[in-house]
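Colleague: As a plain string of letters, each chain reads:
4 protein chains.
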Amino acid sequence: MLNLDFHPSGRHFLQIPGPSPVPDRILRAMSLPTIDHRGPEFGALGRELLDKVKQVFKTANPVIIYPASGTGAWEAALSNTLSPGDQVLMFETGHFATLWHKMALRLQLAPEFIGLPGYEGWRHGVQADMIEARLKEDRDHAIKAVCVVHNETSTGVTSDIAAVRRAIDAAGHPALLLVDTISGLASADYRHDEWGVDVTISGSQKGLMLPPGISFNAVSDKAIEASRHNLMPKSFWAWDEILEANQNGYWPYTPSTNLLYGLNEALDMLLEEGLDNVLARHQRWAAGVRTAVEAWGLEIQCQDPAVYSPVLTGVVMPEGIDADAVRKIIYERFDLSLGTGLGKAKGRMFRIGHLGDCNDLTLIATLGGCEAGMKLAGVPLKGSGLAAALDYFAHHPLNSAD
Amino acid sequence: MLNLDFHPSGRHFLQIPGPSPVPDRILRAMSLPTIDHRGPEFGALGRELLDKVKQVFKTANPVIIYPASGTGAWEAALSNTLSPGDQVLMFETGHFATLWHKMALRLQLAPEFIGLPGYEGWRHGVQADMIEARLKEDRDHAIKAVCVVHNETSTGVTSDIAAVRRAIDAAGHPALLLVDTISGLASADYRHDEWGVDVTISGSQKGLMLPPGISFNAVSDKAIEASRHNLMPKSFWAWDEILEANQNGYWPYTPSTNLLYGLNEALDMLLEEGLDNVLARHQRWAAGVRTAVEAWGLEIQCQDPAVYSPVLTGVVMPEGIDADAVRKIIYERFDLSLGTGLGKAKGRMFRIGHLGDCNDLTLIATLGGCEAGMKLAGVPLKGSGLAAALDYFAHHPLNSAD
Amino acid sequence: MLNLDFHPSGRHFLQIPGPSPVPDRILRAMSLPTIDHRGPEFGALGRELLDKVKQVFKTANPVIIYPASGTGAWEAALSNTLSPGDQVLMFETGHFATLWHKMALRLQLAPEFIGLPGYEGWRHGVQADMIEARLKEDRDHAIKAVCVVHNETSTGVTSDIAAVRRAIDAAGHPALLLVDTISGLASADYRHDEWGVDVTISGSQKGLMLPPGISFNAVSDKAIEASRHNLMPKSFWAWDEILEANQNGYWPYTPSTNLLYGLNEALDMLLEEGLDNVLARHQRWAAGVRTAVEAWGLEIQCQDPAVYSPVLTGVVMPEGIDADAVRKIIYERFDLSLGTGLGKAKGRMFRIGHLGDCNDLTLIATLGGCEAGMKLAGVPLKGSGLAAALDYFAHHPLNSAD
Amino acid sequence: MLNLDFHPSGRHFLQIPGPSPVPDRILRAMSLPTIDHRGPEFGALGRELLDKVKQVFKTANPVIIYPASGTGAWEAALSNTLSPGDQVLMFETGHFATLWHKMALRLQLAPEFIGLPGYEGWRHGVQADMIEARLKEDRDHAIKAVCVVHNETSTGVTSDIAAVRRAIDAAGHPALLLVDTISGLASADYRHDEWGVDVTISGSQKGLMLPPGISFNAVSDKAIEASRHNLMPKSFWAWDEILEANQNGYWPYTPSTNLLYGLNEALDMLLEEGLDNVLARHQRWAAGVRTAVEAWGLEIQCQDPAVYSPVLTGVVMPEGIDADAVRKIIYERFDLSLGTGLGKAKGRMFRIGHLGDCNDLTLIATLGGCEAGMKLAGVPLKGSGLAAALDYFAHHPLNSAD
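Protein chains in written order, with full-length UniProt numbering: chain R, 1 to 402; chain P, 1 to 402; chain Z, 1 to 402; chain B, 1 to 402.
No wet-lab data here; the hints were simulated from the structure. Predicted, not measured: the structure shown is a model, and the values here were computed from it. Among the hints, erroneous ones may be present.
[Said to hold, decoys possible] Selected chain R positions facing chain Z (in silico; Cβ < 8 Å):
id : residue
1  : D24
2  : R28
3  : S31
4  : P33
[Claimed, not checked] Computed cross-link-like contacts, DSSO-like style, restricted to lysine-lysine with a CA-CA straight-line distance of at most 30 Å:
id : chain 1 : residue 1 : chain 2 : residue 2
5  : P       : K344      : P       : K328
6  : Z       : K222      : B       : K102
7  : B       : K52       : B       : K102
8  : B       : K346      : B       : K382
9  : Z       : K144      : B       : K102
10 : B       : K102      : R       : K382
11 : P       : K375      : R       : K102
12 : P       : K375      : Z       : K375
C-beta atoms are modelled at their ideal positions from N, C-alpha and C, and glycine is treated no differently.
Use the sequences and the hints to build the structure in full.
Modeller: Here it is as structure tokens:
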């Protein structure tokens with residue numbers, strides 16, 4: 001029989017940018033007994049959940065919860081609003097934007113994929129001016145939707161969604177705005193209503209601190225209207241029946257009961273702490289980690305400080321060093337998981353997740369593992385990132401005015 | 001804050017035909033720490049899981065595991081094998097067959113829904129001769145698939161899938177055979193390969209004793225071949241990338257890690273006990289429960305003893321009694337959840353689940369709650385079903401030659 | 001490696017009169033992380049616990065919590081108040097009274113053990129008049145303490161402690177009153193202050209619904225005064241240092257942190273439900289179970305209806321039947337644990353626990369297992385106790401005026 | 001209601017020298033359902049446990065397990081072997097030796113407390129030559145036992161027990177040798193049989209990685225013989241009845257069932273890893289932590305390198321710095337609990353626990369919190385202990401030949 005308790009002593013440090021470590025408080029909630037998903041208590045749970053979750057998306061509109069992982073919520077956003085053959089404008093921020101583009105192709109849409117060129121293109125956020133220019137060219141409004149990734153998990157770049165909204169408006173274009181914030185929600189600032197997003201896509205296993213398995217579509221009225229007429233075959237993902245059943249706190253088919261228990265607990269934790277405090281916490285961690293990278297004399301994957309991610313930091317390896325070989329040493333010697341480089345970034349960098357259920361010392365441990373592992377792997381370091389980050393955390397207390 | 005511990009004293013009796021109670025052993029497995037789904041341990045888990053799960057479907061072919069609930073696996077079966085406009089022959093066994101038919105319509109297929117007429121039609125299994133006759137009429141093989149429900153959860157009828165296979169063969173028809181055994185797997189006898197099924201659909205929250213959230217497609221070579229050419233837009237559900245990634249024990253997108261821990265434990269439990277023993281256990285429970293219904297002088301929903309379900313038993317209320325009012329009394333007075341009548345059976349019957357992590361005394365408690373509740377609700381009973389079932393269990397030990 | 005998950009399907013029915021089943025809510029609380037027992041959070045927990053626990057003993061005086069099982073709390077009561085050679089008057093209500101008497105002997109006290117004669121003597125409660133008579137004879141007050149068991153777990157007799165207090169007072173005797181309510185607390189009515197008890201002894205694994213491991217001494221001022229001068233060597237059990245450290249919510253040595261988490265949760269559960277409701281719930285269950293025993297035509301171990309226990313019921317087997325053989329059949333066939341006959345009751349009776357985290361259907365299951373098992377064992381039964389109890393529960397709802 | 005989930009984000013670092021963090025694997029085992037402690041499964045568990053636990057004490061003799069915390073096991077050792085008035089020779093290694101001495105006084109023994117003078121005396125281990133000298137003076141063998149602490153938790157000194165044995169033998173003295181290894185067992189090398197110890201005392205909440213609540217006496221034949229004749233009143237702690245009941249895997253009174261589940265799991269974990277590997281792991285951690293203390297330019301509490309503890313390291317603060325004020329800053333700013341200075345060491349030092357379920361990065365986090373907190377508190381540091389320890393761990397892999 002397989003031993004699922006892999007690590008001989010102490011806790012594994014899971015510092016990938018999601019799935020993030022699940023707090024025990026949430027694991028305990030998830031172990032509550034499964035109940036009848038058609039019974040009265042379940043309806044009460046559903047109504048409360050559906051109400052609280054809106055606060056995290058900053059929306060007054062409905063949020064749809066799928067018993068499916070985040071990739072499914074991408075498909076849901078596309079299949080509820082678009083028809084086969086529809087033109088879609090997508091921006092290449094990194095690997096996940098690329099996967100979403102590939103999905104659009106498989107769903108028989110006609111996506112146009114724009115972006116800055118090459119690997120260097122992945123080191124910046126969405127260029128709103130490029131979107132505006134492209135939409136202005138589209139005089140007959142053949143483009144039905146603009147799709148962008150808010151927090152690009154493969155690079156550590158958090159694009160400016162408000163700017164994308166302004167670009168669409170400046171172009172006077174009616175395209176829907178679909179935004180993936182799977183790894184951004186509840187860690188990076190996000191405002192569905194204020195930013196005029198039509199469909200926001202998110203998942204459970206990042207800032208919400210749950211295991212993977214449920215995902216979200218926050219929807220605008222305009223998106224709902226589009227879903228009434230679009231021609232993509234849809235059933236499991238269809239919003240209409242879910243929205244109807246949700247009015248009483250139920251779902252048209254069996255929901256992921258135990259993950260919903262966990263979601264309820266996660267929402268309580270986030271709202272008790274205060275969403276602003278949660279976001280400040282992530283910004284501070286990110287600043288501390290970047291201080292370390294700078295002290296090491298290494299490059300941060302994101303080249304535009306305005307769009308540094310508060311969720312993760314990509315650390316670029318010097319020429320000639322295989323980032324995955326470094327990760328392997330760190331993993332084997334220090335029981336620490338880091339994110340691999342994906343797609344165009346493969347082998348060039350690794351990613352440090354600093355999200356969810358962490359604290360300063362978790363990150364000190366993480367940076368310690370990185371520093372020692374990089375030295376063992378022969379990565380030339382200018383100075384001690386560990387010392388720099390420790391100093392940063394010491395002199396920037398969470399609730400200070402700094 | 002919502003109190004999720006609803007019941008003041010003792011355990012709730014969850015005797016609906018799924019979600020079924022989750023054994024503590026599985027809950028404990030699900031609380032293992034989330035790990036990197038791209039790391040080496042996860043690959044080892046994936047390979048072991050994908051191998052063990054085949055034994056439960058009785059197939060040598062791949063079984064695809066979705067991070068989505070059972071309804072999604074219905075959609076996966078249709079969208080991987082069929083194209084918009086395709087004719088599909090579906091058999092109306094009850095509410096879930098009806099929902100699947102509705103899904104086919106929403107997916108722009110052309111389903112033909114045959115069955116015995118009216119509510120009475122729901123009290124029998126799939127009529128293989130009707131399928132054979134219909135397929136023989138279809139000389140040009142416009143029908144691309146036959147869709148049937150193995151264990152119809154809404155009625156307690158377990159249809160004869162081997163007979164459907166024989167009917168298709170007798171008609172010399174090339175249609176694919178798609179079978180839903182969401183509530184049958186691991187409780188009722190099921191044989192994917194031997195019965196020549198092309199796609200078997202199942203879910204986690206019934207005989208596998210997991211919470212809802214993951215689901216399955218077991219696939220034949222013929223089904224895989226169909227998936228290479230069909231025209232339905234598909235991405236999340238697409239088998240190709242999953243099958244490819246599964247070869248190393250991974251998934252193309254984030255899997256439901258913690259539910260997979262639970263699945264691994266569930267498979268260990270089932271295989272340790274022995275699948276034949278598991279099935280015998282369910283048959284015996286079902287026989288005991290039917291003994292009770294007969295002693296009460298009530299009708300069993302299923303009118304054909306050859307297809308009585310080992311998973312659940314529908315109990316028909318006499319004319320003039322609202323089954324949901326009876327259920328409500330039983331729920332409020334005895335902390336016991338029973339399944340409601342669905343669709344055409346609404347208000348006419350309730351359903352007793354006898355699956356998964358039960359034992360004789362769980363069912364004695366359940367039948368006691370039913371008997372007392374029915375009396376309180378004014379249901380005329382001929383005798384004590386509780387006494388009859390207790391006698392049955394006492395005189396039919398699990399491992400006897402009886 | 002030993003498999004600690006013994007039972008193949010469904011939950012074991014643990015219906016012994018303690019340890020009682022631990023609610024999941026308490027198990028979850030016990031899995032909270034161990035913290036520094038000298039840190040500030042632990043002090044806050046300690047102060048809250050020590051305050052809430054008084055309500056369950058109905059005392060305004062301190063309650064001492066030992067990181068030791070109930071037998072230890074017996075020793076604590078004796079060793080804090082008495083000196084080697086001291087005379088003690090103990091009443092033989094059953095096996096646990098006998099064990100306590102044996103402990104007094106081992107602690108070099110001079111216990112006098114009075115009671116009604118023989119096995120039949122175990123079928124009645126404490127005879128307060130016998131105590132009064134004996135104390136009146138003790139003109140020079142050589143007897144230093146009267147020791148009685150409130151709820152005798154071996155027989156199902158709940159003695160009248162107020163009557164014992166009156167007897168002591170009527171005799172004008174200064175002896176301390178020490179009472180064991182290990183299995184009575186939080187299930188049977190108990191009033192430390194009102195009944196003038198000097199030391200109340202209790203444990204965690206019965207009405208408090210915790211695993212075994214912590215125990216209690218509720219103490220009167222008179223008992224504390226005695227502890228200042230008594231000569232028994234004492235250190236671990238000594239009240240003085242514990243009372244002092246408790247003032248700030250701490251303990252002089254390492255307390256059972258995780259069981260204290262569980263205790264805190266248990267107290268919340270009991271106080272949320274309301275102690276009166278908890279007691280009424282147990283009285284009703286006991287009445288239902290006795291209805292079953294009467295319908296079977298069997299004798300209840302306790303022969304005085306005034307002192308029937310609300311916690312457990314002893315069921316006497318007819319002459320010639322070995323109660324342990326019956327228990328074995330019930331255990332093996334129905335996965336149900338019942339209490340064995342102890343001491344003078346060995347082989348003559350078994351004990352049904354009806355305490356803590358139960359509900360009506362748990363007891364219906366239990367009585368079903370008993371009825372079927374007794375029949376299989378050849379016990380002649382007059383009628384169906386199961387049917388009688390079900391009828392009782394149906395017609396005596398918990399919150400009715402009945 | 002009290003919130004027992006104290007910490008807002010991430011895991012608290014509990015680096016006190018016990019209670020140590022409980023691995024999730026053990027918490028899961030402890031949540032197994034409570035069973036009948038007189039039933040057949042419990043006997044099987046008991047027999048296996050009692051057998052496996054001997055391996056950790058390195059004894060072929062019985063090990064007694066108490067449902068009581070470690071302080072109780074001290075009392076058990078004294079009360080089973082000695083009589084009121086007996087002379088006992090105890091060695092003052094630190095605070096816990098002092099507490100044990102105080103217990104001996106309360107138990108009406110006549111302990112003689114020898115040691116090196118003053119606070120400086122606490123910075124060395126047991127001086128075997130002083131014991132030998134004292135025993136040689138005791139020509140008529142009035143001293144009945146020699147009591148020493150193996151791993152003094154208050155100072156981080158692990159005394160040489162084999163040397164004490166040799167001293168007793170060299171004196172030709174028949175005194176029993178009683179040794180407290182509450183915080184040493186399963187972290188520091190310990191050999192009950194080889195070192196000729198008569199009673200070894202231990203507890204659950206240190207190297208065994210359990211919550212507090214159970215404790216141990218490993219006993220020699222000579223100790224058992226003494227227990228047959230000694231005059232101390234004893235009942236709960238008495239070995240005789242426990243040893244008898246243990247033969248079948250049971251206990252004479254209710255054991256701490258759920259902690260025993262945890263113990264079983266802990267033993268499996270330790271024996272799977274191999275006790276030698278466990279000990280090497282602790283030695284390596286201790287060496288890394290001492291490297292940090294040296295780099296800081298601070299003193300280690302233990303002044304004799306031969307008896308440095310592998311379990312904890314005491315860090316002495318410079319004159320004029322209140323160690324508890326430093327600890328408070330570290331606790332509040334870095335969510336890290338360190339051990340306080342106890343007794344003569346109060347305010348002078350803090351203690352870093354490095355035992356049980358740790359790994360390198362846990363200790364890097366701990367040392368990071370210490371370093372930053374000391375700086376914030378104004379402690380002058382010579383260099384970076386964090387950097388030194390990280391370097392040590394990097395260049396001394398666990399399984400190297402170094």
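Colleague: Take the hints in turn and mark each one as holding or not.
Modeller: We went through each hint and held it up to the structure:
1. D24: Holds. Min distance 7 Å.
2. R28: 5 Å, holds
3. S31: 7 Å, holds
4. P33: 7 Å, holds
5. K344/P x K328/P: 19 Å, holds
6. K222/Z x K102/B: It holds: about 26 Å lies between the C-alpha atoms, which stays within 30 Å.
7. K52/B x K102/B: 33 Å, violated
8. K346/B x K382/B: 24 Å, holds
9. K144/Z x K102/B: 28 Å, holds
10. K102/B x K382/R: 57 Å, violated
11. K375/P x K102/R: The given pair, whose Cα atoms are some 61 Å apart, is violated under the 30 Å limit.
12. K375/P x K375/Z: 26 Å, holds
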